[in-house]
Structures are given as C-alpha cells and as structure tokens.
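Chain by chain, the residues run as shown.
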Amino acid sequence: MTAPHATTQFFHTFDNPWIAIAAATGALLGFITINALWLIWLERKVSARMQRRYGPTEVGPFGLLQTLADVVKLVGKELITPDHVHRPLYLIAPILAFAPLAALLSLLPIDADWVFHDFDITLVLLLAFSGLNVIAIFAAGWGSNNKYALLGAVRAVAQNISYEIPLLLAVIPIVLMTRSLSLHEIASAQSYPFILVQPLAFIIYFISATAETNRAPFDIPEAESELIAGFHTEYSGMRFGVFFLAEFTNMVIVCAVATLLFLGGWKGPLLPGFVWFFIKVYGLIAVMMVFRWTFPRLRFDQLMTFAWAILVPLALVNLLVTIVVLKL
Amino acid sequence: MMRPKSTMELVPGDDETYYLNMGPQHPSTHGVLRLRLHLEGERILGAEPVIGYGHRAHEKMAENRDYLQFLPNTSRIDYLSGMIYNLGYCQAIEKAMQIEVPERAEYIRVICAELNRLTSHLLWLGTYLLDLGGFTPFLYAFDDREKLLDILDSVTGSRLTYCYGRFGGVSMDVDDTFLRAAADYCTYFRKRLDEYHALVTHNIIFRHRTKGVGVMGPELALDYGVSGPCLRAAGVARDLRKDEPYGIYDRFAFDIVTAEGGDCFARHMVRMGEMEQSLNIIEQAVGGIPDGPVLAPKVPKRIRPPAGEHYFAVESARGHFGMYLRSDGTDVPVRLKLRTPSFVHVATMPVVLPGTMLADTVAILGSIDIVIPEIDR
Numbered sequence: 000m001t002a003p004h005a006t007t008q009f010f011h012t013f014d015n016p017w018i019a020i021a022a023a024t025g026a027l028l029g030f031i032t033i034n035a036l037w038l039i040w041l042e043r044k045v046s047a048r049m050q051r052r053y054g055p056t057e058v059g060p061f062g063l064l065q066t067l068a069d070v071v072k073l074v075g076k077e078l079i080t081p082d083h084v085h086r087p088l089y090l091i092a093p094i095l096a097f098a099p100l101a102a103l104l105s106l107l108p109i110d111a112d113w114v115f116h117d118f119d120i121t122l123v124l125l126l127a128f129s130g131l132n133v134i135a136i137f138a139a140g141w142g143s144n145n146k147y148a149l150l151g152a153v154r155a156v157a158q159n160i161s162y163e164i165p166l167l168l169a170v171i172p173i174v175l176m177t178r179s180l181s182l183h184e185i186a187s188a189q190s191y192p193f194i195l196v197q198p199l200a201f202i203i204y205f206i207s208a209t210a211e212t213n214r215a216p217f218d219i220p221e222a223e224s225e226l227i228a229g230f231h232t233e234y235s236g237m238r239f240g241v242f243f244l245a246e247f248t249n250m251v252i253v254c255a256v257a258t259l260l261f262l263g264g265w266k267g268p269l270l271p272g273f274v275w276f277f278i279k280v281y282g283l284i285a286v287m288m289v290f291r292w293t294f295p296r297l298r299f300d301q302l303m304t305f306a307w308a309i310l311v312p313l314a315l316v317n318l319l320v321t322i323v324v325l326k327l
Numbered sequence: 000m001m002r003p004k005s006t007m008e009l010v011p012g013d014d015e016t017y018y019l020n021m022g023p024q025h026p027s028t029h030g031v032l033r034l035r036l037h038l039e040g041e042r043i044l045g046a047e048p049v050i051g052y053g054h055r056a057h058e059k060m061a062e063n064r065d066y067l068q069f070l071p072n073t074s075r076i077d078y079l080s081g082m083i084y085n086l087g088y089c090q091a092i093e094k095a096m097q098i099e100v101p102e103r104a105e106y107i108r109v110i111c112a113e114l115n116r117l118t119s120h121l122l123w124l125g126t127y128l129l130d131l132g133g134f135t136p137f138l139y140a141f142d143d144r145e146k147l148l149d150i151l152d153s154v155t156g157s158r159l160t161y162c163y164g165r166f167g168g169v170s171m172d173v174d175d176t177f178l179r180a181a182a183d184y185c186t187y188f189r190k191r192l193d194e195y196h197a198l199v200t201h202n203i204i205f206r207h208r209t210k211g212v213g214v215m216g217p218e219l220a221l222d223y224g225v226s227g228p229c230l231r232a233a234g235v236a237r238d239l240r241k242d243e244p245y246g247i248y249d250r251f252a253f254d255i256v257t258a259e260g261g262d263c264f265a266r267h268m269v270r271m272g273e274m275e276q277s278l279n280i281i282e283q284a285v286g287g288i289p290d291g292p293v294l295a296p297k298v299p300k301r302i303r304p305p306a307g308e309h310y311f312a313v314e315s316a317r318g319h320f321g322m323y324l325r326s327d328g329t330d331v332p333v334r335l336k337l338r339t340p341s342f343v344h345v346a347t348m349p350v351v352l353p354g355t356m357l358a359d360t361v362a363i364l365g366s367i368d369i370v371i372p373e374i375d376r
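Chains A and B, in that order, are what the protein sequence lines are.
Residues 0 to 327 (numbering that gives the first Met the number 0) make up the first sequence, in order.
Residues 0 to 376 (numbering that gives the first Met the number 0) make up the second sequence, in order.
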C-alpha cells in the first residue's frame, strides 16, 4: 500500500498533534469556504454567458468578490426561527448538512503524494458519508413543519436513495478492475483514464451524481417553481447559506470521485499533479453547470422511472460485461 | 356539461390527504392567484381557484367616468396585451357610434396589435419554461421582447400599458423608421423562432413534461367557453380575426393555427405557430400601408353612443375579449361588462387538475397563460 507521505510530513511539522488536527480542520474549512465562493461566482458567470448577460462585473476584478459581498450580507441577516418549527431538528439540520463535508474532503487524494488519510476502504467510507446528506435534508424538511418543505424532503429522500444504486453499480466495475477500494490506489492504477474502457459507467455515474447533489435537471427537492424553495423554505441568513455551502462542496466531492475513478486523477502531462486534479474537477463541475442552465426540470415520477427503468438495468449490464471480460 | 366535484370540504380524521394553499404568493401562479389543492402525496384530488386578490374594479370605474376617461384603464386589464384591449375598446365605441376610421390608422392598429401579440406570447414562452425549471429561455425570450417593446415605445411612448388608440384612429402617426423596424424584426424573429423550436420544442424533457398533460378536450373547452390558443390547441379552429373579422383583418392572408390533443404541448405549438402568423400579418400590413390621416376628422367632442346595447369582441393574445356596453345616450356608460378569457380558463382548473401531479399543476397553469388583473377586473 502506498504510504501517504504528505500527510505524515504534514503532521510531523507540528509537535503537538492537537495543533496539527486544528490546522488540518482549518485548512479544510478554508477550502470549503473559498471553493463555494469561487463556484458560486463561476455558476453566475456560466449562467450569465449562456443567457447572453455579463454576470457580476462590479465588485473586484471580473466581479470575483461579488460572492464575498453576498456572504457578508448573508452573515449579517437575522436568523429567524419560525414559531411552528420542531426546534431541535430545525436547528440541527444545517449542522448535519455541513458536518460530513470536512471528513469527506479529507479522504480525497489530490496528488500522488498529497492525501490526508489513506487506507484500504476510502471509497466505501466516502460513499457512505455522502449518504448522510439525505438525513440533513430530511431533518430540515420535517423540522420546518411546512408542507412545501416536507414535500421537498420526501422527494429528496426518494431521489437520493434511488440514484445511489446506479451510482454504486457504476463504481463497482472500476473496483473490480483495480481490485482496490482505496481512491489513491485506483487513481494510481490508471496508466490510461478508465473512461476509455468504461464510458458507460462514467455516464451513469455522472448522471447519478448530478441527481445525488440535487442539481438541475434533477433539482426536484428544491424546485422553486413548484415548492418555493423546497426543504430550505423556512431557513434564512447563514443557515440557508450553510445548505448552499454543502451543495457546492458536494459537487466538488462527486466530481473529484469521478476524476479519481474515471479520468486518471492527478495524472497529466507538464503541469503538476494537483493542478491537473483541479482542472479535471472544475471542468466536470462546469459541465454540471451547463446542464443546469440548459434543461428544464424533470417531473418526480419521470425522475424515478429514469433511475429504475433505465440507469439501473444499464449499470447492471455494464457490470456483467465487465465481470465477463475480466474473467476471460 | 362536466361539473367539478366538490372535494374541498375538510374531512375530519383523514390522515391520508392534505390541503395545500398554492398562492396567493407563489412563484408560479403568475400574480396573486390562489389555488386550494387537495393532495394525496403528490397527486391532486381536487383544486379550487380562489380569485379576487387583484381586483381593481375596472367595470365599476367605467360606470363612473366618461368614455374617454376610461380609455387608459383598458390596457391595464390585461397588461400583457394592453394594445389589443386598448384598440379593441376604441373599436367598440366606434362601432356603436359608427365612426369611420381612416385607412392608415387601421393598418397601424393591425401592426401594433400584432406586435403586442408577439410580446405577449414571448413573455408566455419565457415564463412557461421558467415554470418548468428552464432558466435560460426566459432571458432569450425577454431579450426578443425588449426589442419589440422598443419599437412600440418609439411610437406610443409607453412600454406596457399603452394608451395609443383614440376614438376614430390612433393618437400619433408612425414614421418610416417604425415601419422599417417592424419589418426588420419580422425577418430577425423568423430565425429566432427556428432556434426556439430547436432548443425548446425538440427538447426531450420539455416534451415529457408537456405531452398528454392537462388535456382540455374540445368538448370541455367549448362547454366552458374556452377561447384563444387554448381552444385552438383542442383542435377547434376559432379565431375572431377570421370568424368575425374586425378592423381590416379580412384583408390579410393568415392561417388559424390549431393543434391536436389539447394538452400543454399543443398549447405551446399553437402559440409558437401564432407568432409566425403574426409575423405574416405584420409584413403584409407594413407592405400595404397607405398614406393619409390617422384620426377621423369629425369625431364628436362628447362621446355619447346611442342608447341601447352594444357588443364588440376582439381576439386578444389570450382569447375572446368581449365588451358588452349598455348606454342610455349620456356620456357615461350604464354598464360595461368585460368578458375576459383568463377568467374562463382558470374556471376549468377544477376539472383539468385532478389526477395530475403537483409538478403538473405548474405546467398546466403556465400553459393556459393567465393574467390575474384580467381574471379579477
């Protein structure tokens, strides 16, 4: 097993392990925040360009600081807790959405020798942790005690559970090919990107990942033309902001997994590994954004039919073919 | 005649179903319409539109002022096709008083009304896609609509609530710049229509969301008095511009666009086709416009339609807009009843909505293209 050099080095630069942990957590939280700021800016620019607008231009160079200004506004807003909510659930839901993110990010190998944790089953752990998102959404919807929020939460649970199955089925062929559940090993094993041999698995994974992150055209839990704002209807200020942060961090996570499993991770010519990694991740995110600004929204039953009648059978066939080919 | 089943009484002890108030503040009710929905999960068991939140007493106001003073009200009834309402009201009075309108004014009226119909349909296209979750078409449609508003603005001085018509003509003559702009826009917009078809009509998600959804068959439509694009989408070729040509509509070659099915997709296709027909009419009108005055020379200072009952109807962007006028020979109407299409269309909702999903409600409500002040008047 490859030794996670960077982590070891990282932790050895501090004498006190607690300071090391604090520094690592701080770095991850910093990444989450800066990533969300930059992604929101990117989304605005992508949408603006697709809609023949300029997007933010005034605050900072190319409007880069616009989101920062918005965050300041959001932080300054009053946190309203409506009277009719189930207080414990309502208050804990944003925390639940946010808490797994640091753990998830720490599992991602960014470069050949840059990883916080690496052990045998990072992939399993990562997929398991990303399932926690549903609980947060459901807690928010249920705790809000609002019909629109509840409908959004119910939709989110059904959708996330349905799309987790094709997502996992699309990942298994890669695991079979590399005989490893470690993200670092899977990425290292790719002398060529696995998308070349598993294009179908990649497409299934990417569609399911878009649905898992509740992005359009699968943004049914927060479909604003039907459900006002879905599960976060009753949230204001930074509590709403935390859901937003979680959404954008989740996008990074699913796209990073796609990069590591199908696109060769940090591998690429000339540029350093972590640069390649981020180019690939943000490239995939840009594709997701183009989806959002291109398609109308699916209806809920059509979404479920799509998962169970098309994606799951396709993923199973793909898995079967992979097994047969590997055995030959 | 199909009658809506009353499912809206609260059933005590029923834990399986619930009631949802959609509106009056909701992103997809296009104003202050309120829908009381009876739901079982996502499926709609009953629906009841609650109207009156945008009531402005237009009909009552008509009884309290003279005919000319009511003129600015007309374009505020249906603010999206205000020009058609404004000109329609003038035509109603002209018909009652037998005022002859100059040729040039008639042509200008047709051009402006059809330009206004285009703006209305474009706004519908944008907001409809917004209802379905597609953000980008909204900006494209509004961009095209903005160009139209600029053209109309250049001659009428307003962008939305026009008061351009006068009894016996129009308030202002148009110049060649206006006519050229209108003709250029037709050329430009034909290309854009192809783009809209490629991006919207042929989008598979759009088709899945609209085909077979919200079926309003010819029988139901005729029973309820549905008109305009919603009626033509059910396959009934009725258009007041052809059936009872008012103004000079009988001089232009255009088709009544119909579609089969009466679903949301059919209504989409009808409106898209109508935009193309409007372009045809505008092009013909711009080509054939004569010189001359734009206002009849001998219009009485006091408008006093002869005592009795008068009725006049025009085809607005939403359907049959009728004005029933009772006059006692004075300069204030006894009664001006406005027959507006959206009022009828929203009345069909208790029949059309049950059995569909919550997401379909938004698709159906968007496809009938309602304007709230027009419902409430």
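A couple of the hints might just be wrong.
[Said to hold, decoys possible] The list that follows gives simulated cross-link-like pairs (lysine to aspartate or glutamate, EDC-like), each with its CA atoms no further than 16 Å apart:
(1) Lys146/A / Glu39/B
(2) Lys266/A / Glu57/A
(3) Lys190/B / Asp142/B
(4) Lys146/A / Glu243/B
(5) Lys190/B / Asp330/B
(6) Lys300/B / Asp254/B
(7) Lys146/A / Glu41/B
(8) Lys146/A / Glu99/B
(9) Lys297/B / Glu99/B
(10) Lys266/A / Glu184/A
(11) Lys210/B / Asp82/A
[Stated by the list, open to error] Stretch-level coverage of chain B by chain A, calculated; a stretch enters the list once three of its residues show a Cβ under 8 Å from a Cβ in chain A:
(12) 118-130
(13) 198-208
(14) 306-319
The hints are simulated quantities; they were obtained by calculation from the structure and are not laboratory data.
All of these numbers come straight from a predicted model, not from anything done at the bench.
All C-beta atoms in this analysis are idealised placements derived from N, C-alpha and C, irrespective of residue type, glycine included.
*Enumerate the violated hints, using their earlier numbering and listing them in ascending order.*
The structure breaks hints 2, 4, 5, 6, 8, 11, 14; every other hint is satisfied.
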